[in-house]
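S.K.: Sequence:
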Amino acid sequence: MALAAYRHLLRSTRIAFQGDAQVLHAARFQARDAFRKNASMQQGDPALRPAIAHAEEVAKILRENVVQGKRVDREGEERYKLRIHEHTERGDNDTVKMPNGQKVVIDGKKCSDR
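The sequence shown runs 1207 to 1320 under our numbering.
FYI, nobody ran anything at the bench for these hints, they're computed from the structure.
Derived BS3-like pairs: lysine-lysine, alpha-carbon spacing no greater than 30 Å straight-line: (1) K1276 x K1266; (2) K1243 x K1266; (3) K1287 x K1266; (4) K1276 x K1287.
The calculated label-pair distances, taken between Cβ atoms and stated as ranges, are: (5) G1250 x H1293: 33 to 39 Å; (6) R1285 x F1235: 30 to 36 Å; (7) R1220 x Q1249: 25 to 31 Å; (8) A1208 x K1276: 31 to 37 Å; (9) V1278 x A1232: 20 to 26 Å; (10) A1208 x N1271: 21 to 27 Å; (11) E1270 x S1246: 28 to 34 Å; (12) H1293 x L1209: 20 to 26 Å; (13) G1282 x M1207: 52 to 58 Å; (14) V1273 x A1253: 31 to 37 Å.
Just so we're clear, the structure is a prediction, and the values are computed from it rather than from any experiment. Quick reminder that beta carbons are idealized off the backbone N, C-alpha and C, glycines included.
Turn these sequences into a full structure, and let the hints steer you where they fit.
M.R.: This is the structure:
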């Protein structure tokens, strides 16, 4: 279980920080360091399951919600080119869910009610 979570975390860092060797190295170092600190946990340790769940959640956030931007100057305008990959979470405001399955509603209207 822990090994799978570790692999998922490393794979997610590679996806999120592809092309940025410095940030990729730092993210992988932090992941290794966190797992080494918890290496002494035994199978029956009550803190093991939350630690693995945390690693899986971090991997999911890195994979789906982190987007790299690179500054591109064109004709005096500051712009950023975003690297959106196949794992990046996409959607409109209607897909953002509130607790208990409620949708975001502003002034009685949803985004699809434009």
